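Colleague: Each chain is listed here by its residues.
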Amino acid sequence: MRRVSLSQGGRIDRASTLHFTFNGKRYQGHAGDTLASALLANGVDIVNRSFKYSRPRGIVAAGAEEPNAVVQLGSTEAGQVPNVRATQQALFDGLEARSTNGWPNVQRDMMSLVGKLGGKFMPPGFYYKTFMAPASLWMTYEKFIRKGAGLGRSPAENDPDVYDHLHQHCDVLVIGAGPAGLAAALAAARGGARVLLVDEQEEMGGSLLDTREHLDGKPAHEWVAETRQALAGMDNVTLLPRTTANGYHDHNFVTLHERRTEHLGEMAPRLDGRRQVRSRLHRVRAGRVVLATGTHERPLVYANNDVPGNLVAGAVSTYIRRYGVIPGRRLVLSTSNDYAYRVALDWHDLGKASGREVVAIADARANPDGELVEQARARGIRIINGSAVIEAKGQTRVRGARVAKVDLDGFRVVGEVETLECDTIASSGGYSPVIHLASHTGGRPTWRDDLLAFVPTLVKGVSAAGGAHGVTAIAEVLADGVAAGRQAASDAGFEAATVSLPQVDAIREGAACALYQVPHEKPTLRAPKQFVDLQNDVTAAGIELATREGFESIEHVKRYTAMGFGTDQGKLGNINGMAVAARCLGKSIPEVGTTVFRPNYTPVTFGAIVGRHCGELFDPERHTALHQWHLEQGAEFEEVGQWKRPWYFPQDRPDAANGERESMAEAVARECLAVREAVGILDASTLGKIDIQGPDAREFLGRVYTNKWAKLAPGRVRYGLMCKDDGMVFDDGTTSCLGENHFLMTTTTGGAAGVLEWLELWHQTEWPELQVYFTSVTDHWATMTVTGPEARKLLAELTDIDLDREAFTFMDWREGKVADVPARVFRISFTGELAYEINVQANYARHVWEALFAHGEKYGLTPYGTETMHVLRAEKGFIIAGQETDGSVTPEDLGMQWCVGYDKPFSWIGQRALTRPDTSRTDRKQLVGLMPRDPKVVLEEGAQIVLDPNHAIPMPMVGHVTSSYYSPTLGSGFALAVVKGGQQKMGETVYLPMADGQTHEADIVSPIFIDPKGERQNV
Amino acid sequence: MSNIAVETVRTFDTRTEAKVPLESPLAYAYRRSGAPTPTARSRVTLRERPFLGHLILRGGAIVLDEAVREVLGVSLPGEPQGLVHDAEAERSVQWLSPDEWLVIVPGGEEFELENRLREALAGAHFAISNASGGQTLVELEGEAARELLMKSVIYDVHPGHFPVGKGVTTVFAKTTVILRRPSETRWELVVRRSFADYTYRWLLDAGEEYGIGVARSPRPAASGDNP
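Heads up: the sequence lines are chains U and P, in that order.
First residue of the first sequence? That's 17 in the numbering used here, and the numbers climb one at a time after it.
First residue of the second sequence? That's 171 in the numbering used here, and the numbers climb one at a time after it.
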């Protein structure tokens, strides 16, 4: 290995040595290195194999735009992180990284044989064309294709680190802390605005960290340090380094991905023994946004421009000046502009003693004459006017550059080709403003001929500063940043502060020329590969072929070739690709237009996206006041909305010595019989409860329920059905009259919030004149249903309420004390048995519940869960909104005409819809009961019902099962179902063909299976 | 009594004078997740103020203002999102929506307060609902309290935007809370009972990096001890 690291210069700490491994080999680097700079310093040329052709690839860039050095991090399975750009990963001691492609390894790759042989046979659309048929085999092909390609893998073990979100609000969000961003942040902050300044790099400063220029006669990084310090000292400024603005969404909502510990180690180190957040997603609501995102330099597109040793020009300067690393010995620069000359100057100024030489500068312009050009000339560097590198020589490292005069307008090589011996080719085709974030907002960028670049089209509330909109001279960039910061602050309502800027000597710059794809002696389709998009292996020939095959829209070209796909998002290649398409189509670049850049700008780890919304905090669990008791009793739980409700309470089997518990069927059968024969208790606290007060409360109820409320007296309870305006049932429950102007409504557990919104909606928009208020009291009350033949005797032991059947009749409510606690007791029944629903303030729930058990043992008091509740109510034919109904069921379909006040004076919600011919059809699906012929059969819920099981498939379906259980009381399975015209089909036999080939037979019966006269609940 | 409100609306004192054990909405959360003791390194401390009296007042400001001032000794907040306290800082009224207010008073005062308000408001259109069993008050204090809130609520809690005397209903993780700022150093969350455990676990998890501690009230949980 040759050490090519400079012994001094750059912003790395040579006193610290960090060890790391890459593809299993050990290397050393320094604090301040990125993985990329450390690899270059160790002379590692090949960092990856390309995605499609498996060609050896080296480091090309120094920042987010790096297309090749995408690595997999992690020394452990749980620590695997895919998709990391080596240029953005700070080096830490013990870092382990591997290439994402290449088998068995990147140096000696088997797939490259396929790439070489198959290269000609793998044009764009290769997979579409080759693996189209038979379509059923695509899934098989895909597995092998993915294995062959691949861009990293996700870990197979849980990530031990923690991630989170932070909600940020600011007046001005400045994205990018280069010269424009620092100046903008300073200006906005001095005006008093709350400023958030974010930068994706390890260190703020952007281009100032590697510029040759001086500010106030001092190295630029000194001004960066001063400014950074000034900003850090202001309490209205938040600085976020290592933070990428990855998505710009509507209404100035920007998501930032902050990597908090990724530079410290593979796992987040503990601080004071506590876990630290590894990576954080900031969700920012910004008043104004300043995009100071700078530019990405465009490489030129020439033959074999992907061989390791071909770099974007500016990256070479960055590695030399910032990291003290020279990525080679003999440099050839191919450029279309002045600014790239600094690379040759930086390289040359290392001195002959360093063994470095600038072989030549191929300048595509006929007469370059800017100040930097003159500096290069003065140093005796050979400049070849009107020329470009047309082809790189070498396999695993550049060995030479073929340079020729080029006719830009004619797109052809003119004259002799000269081969220059070199190991590094730096190329520059100009500077593209980083417009990705502006594109996220939907603004199509605008082409500017004077800049040879797209500039962002900005929506309201956002501005661009510096390179991001084509301002590149440092003095102008600083002034532009100040102007943007001042404007943003003043737009946000703050004063426009003055900021004094450092003196910078202007550099006279010559005009650039338009050069994207460099012509070759051979036509594009036959020349060696000229790569446009290195990450997706898209070549100029591929784009040309796409246009020949009729893909004229750039969006189609993109999808056909995969240009700018995935994590790359076209950072280096998109403009060049458009230029190639424009050339082939005989159009200009603005005519071809650009594709849309999408979030995320660079990959965001799933951990940051998820934050702490995972594991136990993935979704809220709602608990009743009795949850702890249910846990202690070993209840199994069912999720009802977000509530955890006891499903059933399995007991130890008396016959099993090993503590084996009942099955669900056994537990439910036991609980059902306890309620029918003795007494059971249910935690019904989850039911929605709405306190309704006001002189028009009764009138309002009459309008939102289908049935009548005019005569419900205080002390009485009534069941009600609610329809949407389409006449379809959407919720039900009981409502009690507490006082003439005071009602307590109950709703289904899942419908509570929706019903309250529904009431508010109709009150606020349709009937604001009604004097009534609704307040949710769901959580205030704990509700315990004591039900069964022994319920009265049990409750009588604990209450001062007169439970006499004449004094406290069915559908009455009374208040008094239960177990010394004030309680409202409602005599309503969802089981068909004698039942009392006891409501107490929830803080007392456990005391009252336990008091009931203290007295209940002698009566056989049995806790039951939602499954038993379902069986018992279905035996009585009581519906559950959302189970028997699905938004297409009317009260009449349910046979609940008794619950519809057809002659109510005011047109209640749903009334008109129920007068439509469609809702009075006699062949609508109607609620019925089903008794399977075989009592052991429990029909499947959702099973389709047919009248003729011998009918050819597809059979006409006449309905489906809505609820089905085994009833220990009936000693048989039974079901509720909806059947077309079912109410007229009592006694008929229907059939239920199942997926496994059997067909069940069942008889249509009344949906009320037990106690049709309701005598049991009325005792 | 002769006034219409009391005749037509059934008020009900849900508290008992009997000595029976009672459990705050966080009782289950303490059992499940524990309560880390605050230390000198805790940058944020959580403290529940259980068993307070919570009333929801519905009615226009003009209808309610005089009665509230007369009975409670404080004016209704003059602005939306306002929060006002009485001189002892023990009773508060908070704007929730244009005709909705949250009144929090020491536990046991709420029923008498409701009756006195009803008397004072006789003949007006209003509603009062007792929510004391359905929610609890959680205080956050410490230098990291604001950042902990930034992790949890979408609302802007910067002091410039959330001064003392403000209160809002906002999204908290995947639920909602009422968030109030009664003093420079203290934040209050009014948490619904059924979401209390989720909220508590979230705060403990998000507060770990600040060494969050939970200050438990030494008061025994029996209703007879209420003030």
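Hints listed in this document are in silico derivations from the structure and should not be mistaken for laboratory results.
Check each hint, because a few of them may be wrong.
Claimed, not checked - Straight-line C-alpha distance at most 16 Å; calculated EDC-like pairs for lysine to aspartate or glutamate: (1) K727(U) <-> D712(U); (2) K1001(U) <-> D964(U); (3) K189(P) <-> D836(U); (4) K421(U) <-> E568(U); (5) K833(U) <-> E240(P); (6) K344(P) <-> D465(U); (7) K189(P) <-> D964(U); (8) K996(U) <-> D934(U); (9) K476(U) <-> D507(U); (10) K996(U) <-> D950(U); (11) K740(U) <-> E632(U); (12) K234(U) <-> D521(U); (13) K874(U) <-> D934(U); (14) K344(P) <-> E908(U); (15) K409(U) <-> D385(U); (16) K952(U) <-> D902(U); (17) K1001(U) <-> D1012(U); (18) K603(U) <-> D425(U); (19) K809(U) <-> E693(U); (20) K833(U) <-> D183(P); (21) K344(P) <-> E537(U).
Source: prediction; values computed, not measured.
Colleague: Could you work out which earlier hints the structure fails to respect and list their numbers in ascending sequence?
Modeller: Checked against the structure, the hints that fail are numbers 4, 5, 6, 7, 10, 11, 13, 14, 15, 16, 17 and 21, while the rest are satisfied.
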